[in-house]
Structure formats: C-alpha cells, structure tokens
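Peer 1: The hints should help you fit chain H onto chain W, whose structure is shown.
Okay, here's what each chain looks like letter by letter:
2 protein chains.
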Amino acid sequence: MSVTAAQGFTAAGIAAGIKANGNPDLALVVNDGPRHAAAGVFTSNRVKAAPVLWSEQVLKGGAVSAVVLNSGGANACTGPQGFQDTHATAEKAAQVLQGHSAGEIAVASTGLIGELLPMDKLLPGIEKAATELSAHGGEKAAIAIKTTDTVHKTAVVTKDGWTVGGMAKGAGMLAPGLATMLVVLTTDADLDSATLDKALRDATRLTFDRVDSDGCMSTNDTVLLLASGASGTTPEYGEFADAVRDVCDDLARQLIGDAEGASKDIRIEVVNAASEDDAVEVGRSIARNNLLKCAIHGEDPNWGRVLSAIGTTKAAFEPDRLNVAINDVWVCRNGSVGEDRDLVDMRYREVRITADLAAGSASAVIWANDLTADYVHENSAYSS
Amino acid sequence: MSVTAAQGFTAAGIAAGIKANGNPDLALVVNDGPRHAAAGVFTSNRVKAAPVLWSEQVLKGGAVSAVVLNSGGANACTGPQGFQDTHATAEKAAQVLQGHSAGEIAVASTGLIGELLPMDKLLPGIEKAATELSAHGGEKAAIAIKTTDTVHKTAVVTKDGWTVGGMAKGAGMLAPGLATMLVVLTTDADLDSATLDKALRDATRLTFDRVDSDGCMSTNDTVLLLASGASGTTPEYGEFADAVRDVCDDLARQLIGDAEGASKDIRIEVVNAASEDDAVEVGRSIARNNLLKCAIHGEDPNWGRVLSAIGTTKAAFEPDRLNVAINDVWVCRNGSVGEDRDLVDMRYREVRITADLAAGSASAVIWANDLTADYVHENSAYSS
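Chains as they are written, first to last, in the UniProt record's numbering: chain W, 1 to 384; chain H, 1 to 384.
Next comes chain W alone, as it looks inside the complex (with noise of 0.2 Å):
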C-alpha cells in the first residue's frame, strides 16, 4: 500500500534517533524506473525551508530517482548550515543508493522550526533505511514521517493495469498554500513530468489547497508525485488526473481527520457565489474564524459569526439576501433569522455549513476543524 501500492518502488522507514522519543523518524522512497519523472508542489510561505529550497531546484529537472523523508526537525529558519545537510542529505542517498544523482534525490524535513537537524544521526540513517527497501515499505515510510498525527495516512486507486498511491502526514499548521504536510504520491503510470505536473497542480488546487484547519501555513509543506512507468500503461490524462485527485482528496480528508486537538471536520461549502474565487475566499474565511470554530466545538449553530465572516470579504453579495444551513437546517434566510437553531443536531464529528451567496453559480469546498483547548494544549504546553 501507500507509496509501494505501484511496481516500480521501494521504501523504508525507520527510528534514525532524530526524534528523543526513539520512534520512527526517517523514510526513504526509491523509483526503480524505467522511468523517473517526477513533479512536486511546495508551500507559498515565502519563508521555505531549506529541503524545500533544495526540492524545488531538483523538480525543476522533471527527474526524481528517490525521496529523503524526516520527521523530528524542520530544518526550517536555519540558514547556509540548514541548506548545506539537505545537500549532504542527498549527497548521502545518492552514495549509499548508488547509480543515482544527488540531484534527482529529493528532501523533505518536518518538525520544529530554527533548529539544524542531528546530521550524525541522520546520515547513518540512511544508510541504515537502505538496507530495509522493500517493495512492502510503504507503510513503514508512512509511519516514519508522523509528527503529531495519532494514525499514519495512505491511500490508493488501483485502475486497469497501472495505480496511484501516496502517503500523507500533518496535523497542525494546516492551511492552504499548502496545508502543512509532507505527501509523496507514486504511479507505475507511464507519464512524462509535465503530464504529472499537470495532474498534480489539478488536483492539490481541488482538495490539499482547500483545508484550512488552523490558518496557518507551513514552512515546508511539499507533495511530490513520481511516476516510474513500471506498469508499462499509458493511461488518458482525464482518467489519471481523476485518480491523483482521488487519492489526494482521500488523504486531504484523512488530514482534516486527524487534526491537533479537533473533535469536529467542518465541511464548508459555499454555493451560488459569482465566482469559484469568490466561493474560496469566503469558504476561507469561515474556516478561519475562531469564534465560529469555537462555536462548533461547543455544538452551538451559532449563524451569526458564519455571517460576521463572509461580510469581511470581497466576494459579491447582498448581506440580505444570504442564507446559512448548518447541518441542513436553514438556521438564516436572507441575511435574518430562519429555521429554529434547536433543530440542528451536531453532536456527531462532521459538521456541514452551508454559505448561500445568493449571486451566482459558482461553489467550493473547504474542509476545516473546530478550535478546542485540546487544541490550545497541544501548541503550548511544548515546542512543535
């Protein structure tokens, strides 16, 4: 399953020391070819980590040969040093992998931020995961990029003759542009990289750029796609774009499942808005205010801060002609009261707002969490 789901590759994940807590901390994902094309998308925070500055001139090259995962450190805000051990990190793979380049080896890292990663621990590590490549690796790497995810994430779509696969982690920091996570998506699917890129971009706008669980976005959110053409098959772009948006909107929603603290997925959907732009901007903006994310938690269908925040928006709309569904009770109409609040039963975890702007055709989901002292208490109470 997971990354391994497809032929073609291999993966490992083991407990390098990098986490204090001796769990698994470093995954290691191998194409085997034939082919090696390869896409990726990475956060927009315009501070990036260094293995994000290091992936993105390795995709450029449209060829990624192997994957370096590591939980346990961001290596985010750490300067020349930070970006010369994602370097050596590669150089690393590229030795112990042999016949690879250190540039075709992407790194990804998550953790905390402004810390340099353990690199005496790191690099034997590879090493170490090397040696463990198995065709059956794929849960193992999904284990070992977990943070403070409570359940490692995989997903796969099996079509006729050849399959897409992925693993995910993030549980905190989850906001479009990417949500922050790292996700590694392998095909045996015979595609060249911009038929990948394609696909990828399609897909992530759709559904990892569309959860919002707490505002915040990443320093080193990255999601690589590689293909290695394995199967033989060359499938039509629509049926393999739909597949790669299956497998992501399955692990987005696995993200939103599993987020810091939640006790509720907030499925906003916004409907007959003038645009789709429009729909994001004001799914956004719900899923990023904290008085209704507090509401949520409390099972309380409280319609008038879904209001308060679509009216700090740009969108087109006349604030007297909105409707809200919160569960599918119309709780407001046309900007005022509607259906009596008491018939809303929210005591179960998915909760679904609907936003009627009343000014067009055009819809969009967000999927966000509710804002819990669980919450509060897993970002204060210790660095992440």
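These are computed hints drawn from the structure, not numbers from a lab. For every residue, glycine included, the Cβ atom is placed at its ideal position computed from N, Cα and C. One or more of the hints may lead you astray.
Footprint (simulated), chain H over chain W, 3 or more residues, beta carbon under 8 Å [stated by the list, open to error]:
#	stretch
1	103-117
2	310-318
Straight-line Cα separation of at most 27 Å, DSS-like style, residue types lysine-lysine; simulated pairs [unchecked claim]:
#	chain 1	residue 1	chain 2	residue 2
3	W	LYS314	H	LYS60
4	H	LYS314	W	LYS60
5	W	LYS314	H	LYS314
Peer 2: Okay, now just chain H, sitting in the frame of chain W:
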C-alpha cells in the same frame, strides 16, 4: 469621569431587563450642548447590524444629541424588523428627551447576533434611564454596556480648559476595522463635525484599528465622538487630535487587557519595513497566527512561528535578513537561529515581539492576545 467628564453631558446606566441575569444593559448619553457636533467610525464588516446602519445615517448630518446603547443583544442579522426596532428606539429617546429629533439620536447595540431585541423591555428602559440622567452618570453608563467584559473601561484627558473623555466595551471579536467595540467619546471643546471627524479617524487608525485580539471582525463596532462646546474653548487641531488619540489609545489598551480568556497581552512592533502598510500587514499576520498565540500562552519563545507568519504576507523583505526579538532577546537573526531562547523571560502578562524586516524605515505597533483554553471555553460553552 467617562463620558460625563466633559462639560455639557449627562448619562445614565440601568438594568432594563434585556439581559436575563438582571445586570445593567442600557446606557443613555445626552449632549446638552450648546453644540451637538459629532463624528463616527463604524465597522468595515459588510454585514452590519441595524443600529450601525441607522447611526451611519444619523452621523451624515454631523449632529448627535444623544446616544442609546444596549448590551444583551446585537440586533444584527435581524432583517427589516431589526431596523424598525432601532428606529423605534431613536424615536422613543427623542420623545422622552424632548426637544430632540430622532434623526440626531445614535443607537448602538452589542450581544448575540441573530436575535430580535426585547422591545417591551428596551423602550420602557429608555424612559427609566432618562429619569436617571446625571452629570455623574458616566461610570454607570460604562457599566451598562459591558458584555463579557470583566471590568468597565473609561479614560479622560483634561487640557487647558477643555476635556476629552470616553467609555468603551469590548472583550471578544476584537479585530481591526474596527475591533468589536462600542465606544463613546465626549468633549466640551467647541469644534465642528468636520474637525471631529478628522481627529477621530486619525486616532482610530492608530489605536482601535491596531488591536487584534482574535482576528474576528464584528457586525456592530461603533466609535462616536460628541462635542458639546460647553467649555467655550476651541483648541488647536494638533492638541485636540493628540488628546483624542490618547483617550483612544488608553481605551484600546484596556480592551486588550480584558480580552476574553487571554492570559497575555502581546505588543507586536514591526520595524524597518518598506512602508507603514507593510508593517501593519506583517503585524496583523503575526497577531492572527493561532500557533504563535498558543506558544505565547505556553511562554514558549517560538520565533519559527513568527517567521512562518511573516512569510504569508506580501510585504517587502528577504527571508534571510529577518530578525525577531521576543522581550528584547534577538532569538532570530538573519532568518536563522540567534540568541539563546532560554534567555527570554515570559512570565509577565505583557509580551513584546519585535519583527525587523530590514527593508526600510517604516514601523507599526499591533496589539494582540494569546490563545487559551479559557478563550475556547468562553466562546464554546454558550452563545454570545
């Protein structure tokens, strides 16, 4: 003190029964002249409460003879009936006060969005409040506008022969444009409404517009400045503007100090920005970063979260030239590890974050609060 510190004003604060718990909930401020010049600044939220829509119209005339304020209900998202109720409130006050027209009576409300006000209690309350109007009623008025505020907030500056005083309420939904607040300022200076308007806008831009407790913008924000001319003195503009700004600054600082659930007041100063707009954009981005707000609550000088917030802005800066100090310890230099974070003492309520963009000479100060389990509790345990 408060709104009755300046000559020419009377005020009252009573319990009209709008709040179920019987606490004071209705305030009346009357300008006895000889002048009735006034200026107002209102929420930039596009979803505006009925009293905001009403008072915006009143202020267009440049004259206000009285203000009716209620807590216990925002009268926001209440449709045509809500607006009729505000209108009826002004008419009732005009009738009771005699000699005043409803078109010169401003109305302000605060409380839960989406519920109609109990007019059967509010209208008799106006009659009762009118009988209690007093030149010493300022404090009672300040108490009557409290919602989740733990203390009432007043400030006064007295100059040579004239005074500016005021009251404020606001504890949650505090974000720029404006913060969630009702504020009434009064002065006995003899000035016209155009001068008042300029002084008020100059002051709010640098004070109320730069506090951001929880990133949430209200539907009801109202800041009014009323001048009676009773001192017979016309101060120079600069001196008057300074006094108004000092009173606003004092009240804004009190709002942050009493924000819902907060345990820290965070003073974010952005320096060496290319422009004041850049400095404000960066300051607000830092102010709204939930992960950083949690870290500050945990007394963790997590400067990586400051950098990740700066990185989401469009301000001019180079990531490897950013410097960040927390309580004057430069924990981040040149975008990387700086002085030892263990040197940062965060035991006190006030925390100072300095972000040096190394891109120019402009600066701005934004005030924020930390994010706490108490904030979550206050905003999830019941509707507000």
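Peer 1: So which of the earlier hints does this model not fit?
Peer 2: No numbers; nothing is violated.
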